[in-house]
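Q: Please build the complex by placing chain B on the supplied structure of chain A, with the hints as guidance.
Here the protein sequences line up with chains A and B, keeping their order. For the first sequence, this note's numbering gives the first residue as 1, with consecutive numbering after it. For the second sequence, this note's numbering gives the first residue as 1, with consecutive numbering after it.
Keep in mind the hints are simulated off the structure, nothing from the lab. A few of these clues could be false.
[To be verified] With a cut-off of at most 20 Å between alpha-carbon atoms, the simulated EDC-like pairs for lysine to aspartate or glutamate come out as follows:
#1 A:Lys124 to B:Glu66
#2 B:Lys440 to B:Glu466
#3 A:Lys208 to B:Asp176
#4 B:Lys231 to B:Glu466
#5 B:Lys493 to A:Asp127
#6 A:Lys208 to B:Asp455
#7 B:Lys420 to B:Asp455
#8 A:Lys219 to B:Glu527
#9 A:Lys208 to B:Asp141
Treat the numbers as computed from the prediction; the structure is a model and nothing was measured.
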Amino acid sequence: MKNSKSGGLNRRTFLRGTLGGAAISVGLPFLDIFLNTNGNAMAATGAPLPQRFGTWFFGCGMNPARWNPSTEGLDWELSPELLPIAPMRHRMNILSGYSVLLDGEANQVHRTGVFGALCGGAPKTADTVTGPTLDVLISDAIGTRTRFRSLEMAATGNPRHSNSLRDVSSVNPAEPSALGFYTRIFGPGFSDPNAKDFSPDPSVLLRKSALSIVTEDRKRLERQLGYSDRARLDQYFTALRQLEQQLELQLQQPPPLQACSTPQAPVDLPHDTEIDNVIANHGLMAQTLALALACDQTRVFNMQFSDRASSLRMPGSTDTHHTLTHEEPRDAVLGYQPNATAFVLKSMEAWTQFCQTLDAVPEGDGTLLDNCLVMAHSETSEANTHSIVGMPFMTAGTAGGRLRTGLHVSGVGESVSRVGLTMQQAMGLNVGQWGADQNQTDRPISDILV
Amino acid sequence: MRYMSRVLIGASVLLLFGCSNPDPSATGGPLAMRRLTGEQYRNAIEDTFGSQIEVAGRFEPDNRQEGLNALGASRVSVTRSGFEQYEAMARSIAAQATSPELRVDILPCEPQSATAPDHACITQTISELGRILLRRPLTEDDIGLRAQVASRVAEEQQDYYAGLQLALASLMVAPDFLFRVEVAEPAPLPDQPDRLQLTNLSLASKLSYFLWNRGPDETLLAAAERGELSKPEGLAREVNRMVASEHIATGISAFFEDVFVFDQFDALSKDVAQYPLFNNRMAADAREQTLRFVVDQLVTQEADYRTLFTSNQIPMTRSLGPIYGIPVRAVDGWERATLPANQSRSGLLSHASFAMLHSHPGRSSPTLRGVFMREALLCQTVPEAPADIDFTQFTQDVAAVHNTARDRLAMHATATSCRKCHALTDPIGLGLESFDGIGKFRLAENESTIDTSGDFDGAAFSNAAELGQAFAESPLVSACLVENLYRYAVGRKHTNGERRLLRYLEDTFAGQGYRVPALMGDIATSEAFRTATAPSPQAPKAQTVKQQTTDIDRTEFDDKAHVSLIVSKSKPT
Numbered sequence: 001m002k003n004s005k006s007g008g009l010n011r012r013t014f015l016r017g018t019l020g021g022a023a024i025s026v027g028l029p030f031l032d033i034f035l036n037t038n039g040n041a042m043a044a045t046g047a048p049l050p051q052r053f054g055t056w057f058f059g060c061g062m063n064p065a066r067w068n069p070s071t072e073g074l075d076w077e078l079s080p081e082l083l084p085i086a087p088m089r090h091r092m093n094i095l096s097g098y099s100v101l102l103d104g105e106a107n108q109v110h111r112t113g114v115f116g117a118l119c120g121g122a123p124k125t126a127d128t129v130t131g132p133t134l135d136v137l138i139s140d141a142i143g144t145r146t147r148f149r150s151l152e153m154a155a156t157g158n159p160r161h162s163n164s165l166r167d168v169s170s171v172n173p174a175e176p177s178a179l180g181f182y183t184r185i186f187g188p189g190f191s192d193p194n195a196k197d198f199s200p201d202p203s204v205l206l207r208k209s210a211l212s213i214v215t216e217d218r219k220r221l222e223r224q225l226g227y228s229d230r231a232r233l234d235q236y237f238t239a240l241r242q243l244e245q246q247l248e249l250q251l252q253q254p255p256p257l258q259a260c261s262t263p264q265a266p267v268d269l270p271h272d273t274e275i276d277n278v279i280a281n282h283g284l285m286a287q288t289l290a291l292a293l294a295c296d297q298t299r300v301f302n303m304q305f306s307d308r309a310s311s312l313r314m315p316g317s318t319d320t321h322h323t324l325t326h327e328e329p330r331d332a333v334l335g336y337q338p339n340a341t342a343f344v345l346k347s348m349e350a351w352t353q354f355c356q357t358l359d360a361v362p363e364g365d366g367t368l369l370d371n372c373l374v375m376a377h378s379e380t381s382e383a384n385t386h387s388i389v390g391m392p393f394m395t396a397g398t399a400g401g402r403l404r405t406g407l408h409v410s411g412v413g414e415s416v417s418r419v420g421l422t423m424q425q426a427m428g429l430n431v432g433q434w435g436a437d438q439n440q441t442d443r444p445i446s447d448i449l450v
Numbered sequence: 001m002r003y004m005s006r007v008l009i010g011a012s013v014l015l016l017f018g019c020s021n022p023d024p025s026a027t028g029g030p031l032a033m034r035r036l037t038g039e040q041y042r043n044a045i046e047d048t049f050g051s052q053i054e055v056a057g058r059f060e061p062d063n064r065q066e067g068l069n070a071l072g073a074s075r076v077s078v079t080r081s082g083f084e085q086y087e088a089m090a091r092s093i094a095a096q097a098t099s100p101e102l103r104v105d106i107l108p109c110e111p112q113s114a115t116a117p118d119h120a121c122i123t124q125t126i127s128e129l130g131r132i133l134l135r136r137p138l139t140e141d142d143i144g145l146r147a148q149v150a151s152r153v154a155e156e157q158q159d160y161y162a163g164l165q166l167a168l169a170s171l172m173v174a175p176d177f178l179f180r181v182e183v184a185e186p187a188p189l190p191d192q193p194d195r196l197q198l199t200n201l202s203l204a205s206k207l208s209y210f211l212w213n214r215g216p217d218e219t220l221l222a223a224a225e226r227g228e229l230s231k232p233e234g235l236a237r238e239v240n241r242m243v244a245s246e247h248i249a250t251g252i253s254a255f256f257e258d259v260f261v262f263d264q265f266d267a268l269s270k271d272v273a274q275y276p277l278f279n280n281r282m283a284a285d286a287r288e289q290t291l292r293f294v295v296d297q298l299v300t301q302e303a304d305y306r307t308l309f310t311s312n313q314i315p316m317t318r319s320l321g322p323i324y325g326i327p328v329r330a331v332d333g334w335e336r337a338t339l340p341a342n343q344s345r346s347g348l349l350s351h352a353s354f355a356m357l358h359s360h361p362g363r364s365s366p367t368l369r370g371v372f373m374r375e376a377l378l379c380q381t382v383p384e385a386p387a388d389i390d391f392t393q394f395t396q397d398v399a400a401v402h403n404t405a406r407d408r409l410a411m412h413a414t415a416t417s418c419r420k421c422h423a424l425t426d427p428i429g430l431g432l433e434s435f436d437g438i439g440k441f442r443l444a445e446n447e448s449t450i451d452t453s454g455d456f457d458g459a460a461f462s463n464a465a466e467l468g469q470a471f472a473e474s475p476l477v478s479a480c481l482v483e484n485l486y487r488y489a490v491g492r493k494h495t496n497g498e499r500r501l502l503r504y505l506e507d508t509f510a511g512q513g514y515r516v517p518a519l520m521g522d523i524a525t526s527e528a529f530r531t532a533t534a535p536s537p538q539a540p541k542a543q544t545v546k547q548q549t550t551d552i553d554r555t556e557f558d559d560k561a562h563v564s565l566i567v568s569k570s571k572p573t
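In isolation and in its complexed conformation, chain A is listed as follows (with noise of 0.2 Å):
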């Protein structure tokens, strides 16, 4: 499925070999890159800045009539429900009308959504998902390399709000805690890349060692299981592998990062599903992911403002933004339901302001925003129906000039397994073609990309 599409010998897959794996369908202005032409490419240090993609997820979508611009193109108008994205729209782009075909499957609410757009496909079953999704797919990439192959953070405070899976057997759980996620990334463990002396840490070549010893045992385990188990502890081993390189990584003095600097620790804020304790978590984890991008602790991450089939409230409400979806009336005179849209309003306003955190770190001769991808994306578009067609998607950030900004691009009919071809291409990656069956396309979205 990851595979390029097999065929003759063309101009573009000659260019795939030579580049190495870089993107592709992009034409040759992406060559400026790599001629070390374009400053916003590099570090003071003359090293490329590294690229970084992420996602950006908001529970139970939006009302489509409200929510898509009017017009397509550059200076699109703002929707009503676009408003509070304002201040960032010409870093951002907005996809709309992107939808996840059936192929005769059910839509199973608030999972074929989701999962369909990650993964390329809509899920067979209730219990069934075929994974990797998008961002395990492209932390493969361009994650091995790095401290972290990618973050997972949960705003709502609940570990399992995390749609990041290689299969149904690892689904990657989510940092719950602002402290917690600060602890991981900045406590033990943490060295400074612009640190003037460096010694490595004598205790993790004792690490690697315990790990080591553990590998001896693979074999005889192997032999004894069936298929599935098999698979599941090749699972196991990869998690000791990569431990194994992040290990590796401590002991070799870090290239000095400009915009690195260690914050400090946050307060440990109540974690629940409250709106304002879910976007006082958000803004902190937005905060310590930002320096964690720029000490390049990570190239790869995934946040959760809010859970498939929301379960953020406003204080003192019998109702959840989900149960409100379904239950509240539409108001006669404004024609949508106005509790269950303030939701989607704070949605935005969270979205716009995690833009502006990474965008508020200097980086090269840009900012981090820059060299980021983020792509903001919800598991239906109106919850109220549940309905896949029509997703809204968003991106932020030109991943080092790779993407255009500031447009509006409407795929309507069209499959959500161009979005997703387009963030692995952007990012690098040697793909042609992606996704499963109807869902299957080798046409990224060739607006928005340079």
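A: What follows is chain B alone, placed relative to chain A:
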């Protein structure tokens, strides 16, 4: 008194498992490879190093499958961030266990010098502690490799304990510590070459995790090493001993915690304006209250399982007093209490734990409660809500006054698309409406009297106490317990070949007066429990990439309560 009851259980069980009435022979299903739960991990550390060790770290979330985390444990693996946590915990535990303050009590030997390698002592330590952790005697390789690396480190660092720490940590991140891997050998039956039986050591682990939720003790391991678990009398003797042990309470508690989805307490939150009484201490106590109640009834009092639905006894703490309207004398700890007679409370269904867990953060939910009762207590399946219904079509009548949940749910009884599922969940859920979103008794909602009457599969009830009685009398309730307990024991769904065994177990359960410890003994000594079919070497057809999934998380569960209530104009302020 407590001692007496143990002896009695032991005696009665011995009678049962010693008798010659055979169960219908059934071959078990595929072998299981189960990831330790957080609780099992903690128990293993306690059994190996003692209770002074602090296990600080986070475990990956469990994965609930078909109602049980025990089934999900056979499906999950370890993610990289999960492994990171295991490794950090292993280092912290190893450092504590070898610290000058604790090591005298924990380690089996003292090295001749703390600043040099000691081959004899390191070998003995790895071998003895490793045996508890890995639930089997260690191989020469297991020991030799670790002793070698540990000695090298001790030499280089001039610190025996630095080497030992490393060896211990490596045991605690080993796959056969973190996973319970069942191993089988051909059963000595020439006519059934595909039939496997668990090795003695695998069976020992399976028994002890089922009955005690922890690894085998030395007696059981020794019996396994002598091969005694392959003999009916050896197996019966060990099962009798284990069922009579005080650890059976831990095992029973772990099982009910799983069935009652109590892991959801970890993410439980309530709206403080709606429920000013609520706090985290109260939630933790409500969870413990129900588990204490179950153990007290089933183990201490040796009660009939069905009395869980009718008993008016309840363990109580001061933090829970206000929910039940019971004054509690003790500032700390638990005391016995009787449910107030005027709140129509009796048994589990009226416990605060259920009321809290199966509600929204700001209100009760008859539908969520009904779904829980159908799925967890009756082993029935409630279909998901239809995806494409615009629910607002039912809610547009803004002039209507919907004060109570019954008013708000009324349309579900008439609209065809709703009725099919809501007829299953709502009538019984409405029977518990006298308990609000944290379990406090109430007579009215929005100043309208609450009607808790209804019908449970043909049995009329007028309030929660009568609903509890109807549950106690339902054959579905006890059959579901048998099914859940069996699936929990084997870590997978029962196979078709095991249906007859389940019927048999239901009969013996009834015949023994619905005693759960005795039922656990029957399962543990059944043929299906100790036999298995050969694993499939290939991927299941058309399933090369997909596998069975993931959790029913709370939000997806919530979707079954998609239209449980309609926002009414008379919402409380």
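Q: Hint by hint, which ones does this structure get wrong, listed from lowest number up?
A: As far as the earlier hints go, 4, 6, 8 are violated by this structure, in ascending order.
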